[in-house]
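For the sequence shown, the positions run 1 to 224 when full-length UniProt numbering is used.
Since the hints were made in silico from the structure, they are not lab data.
Every value quoted in this text rests on a predicted model; they were computed, and no experiment measured them.
The beta-carbon is built from N, C-alpha and C at its ideal position, and this holds for glycine as well.
One or more hints might be untrue.
The following label-pair restraints were derived from C-beta to C-beta distances [to be verified]:
(1) W20 x Y136: 14 to 22 Å
(2) H72 x A30: 19 to 27 Å
(3) H72 x H131: 46 to 54 Å
(4) D214 x H131: 43 to 51 Å
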Amino acid sequence: MPLTIHNLNHQIHDGHIERWLLTRVSLNIAPGECVALTGDSGSGKTTLLNLIAGLEPLQQGQIYVAGQGLRHAGDKTLSQLRRQTLAMIFQHYNLLSSLNVSDNISFSARLAGRYDQSHSLSLARNLGIDHLLDHYPDTLSGGEMQRVAIARALGTRPKLLLADEPTGNLDNNNSDKVIEQLLSLAKSHHSALLMVTHSASIAGKMDKIYQLKDGQLNQQSCGG
1 MPLTIHNLNH
11 QIHDGHIERW
21 LLTRVSLNIA
31 PGECVALTGD
41 SGSGKTTLLN
51 LIAGLEPLQQ
61 GQIYVAGQGL
71 RHAGDKTLSQ
81 LRRQTLAMIF
91 QHYNLLSSLN
101 VSDNISFSAR
111 LAGRYDQSHS
121 LSLARNLGID
131 HLLDHYPDTL
141 SGGEMQRVAI
151 ARALGTRPKL
161 LLADEPTGNL
171 DNNNSDKVIE
181 QLLSLAKSHH
191 SALLMVTHSA
201 SIAGKMDKIY
211 QLKDGQLNQQ
221 SCGG
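Whenever a hint applies, use it, and build me the whole structure from the sequences.
Below, the structure is given as structure tokens:
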């Protein structure tokens, strides 16, 4: 299983008060399964992604990424996990301005020791950016930069893909195209996808929808 969360509790300091941001959160995502994570601002969605990525320490409960427990994992293990097993897609792309599109796409795969030129070219073709490989990020549109970010994330063939509002800066037309391509590629590569989104239409395209409210995760109907 790419992702298993078991009985996760997480406390934060809110001013002078300590409160439970996450309580008894459990979740399983299978290979190739695409899951939307919704909820109000401040409900803990980004914190949950950071916990899954090993960017914040676990307080109570356990998270397994491709069978690796994170609770007692050291920095070296977590770093290797982020290179080899999971990938993240950010709202603001995080492309390297000094590298062209081709090198941005291959960057994470090279770090993981998994660079495959034919795989990178295939991703670029599938995402419609193969004509931009020699271009630099500052010459690209928002939709083009997000496609580069998706190609970079999938270049390592991750078992788990985390996306935090990946189309938040795009218009509806570009957003729909990017989401369709991302879902198609996640399915074809058998990558589990967990995406934070405020968009009901985007969430409705997923296999499952979960809402984070009052610290708890509740499954919603994809039909509305």
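That 46 to 54 Å hint for H72 and H131 (C-beta), does it hold up? 47 Å, holds
Supplied distance hint 43 to 51 Å, evaluated on CB atoms of D214 and H131: About 48 Å separates the Cβ atoms of D214 and H131, which means 43 to 51 Å holds.
Holds or violated: 19 to 27 Å for the Cβ distance of H72 and A30? 25 Å, holds
Against the range 14 to 22 Å, how does the distance between the Cβ atoms of W20 and Y136 compare: consistent or not? Distance hint for W20, Y136 is violated at roughly 45 Å.
Hint check: a violation occurs at hint 1 only; the rest are consistent with the structure.
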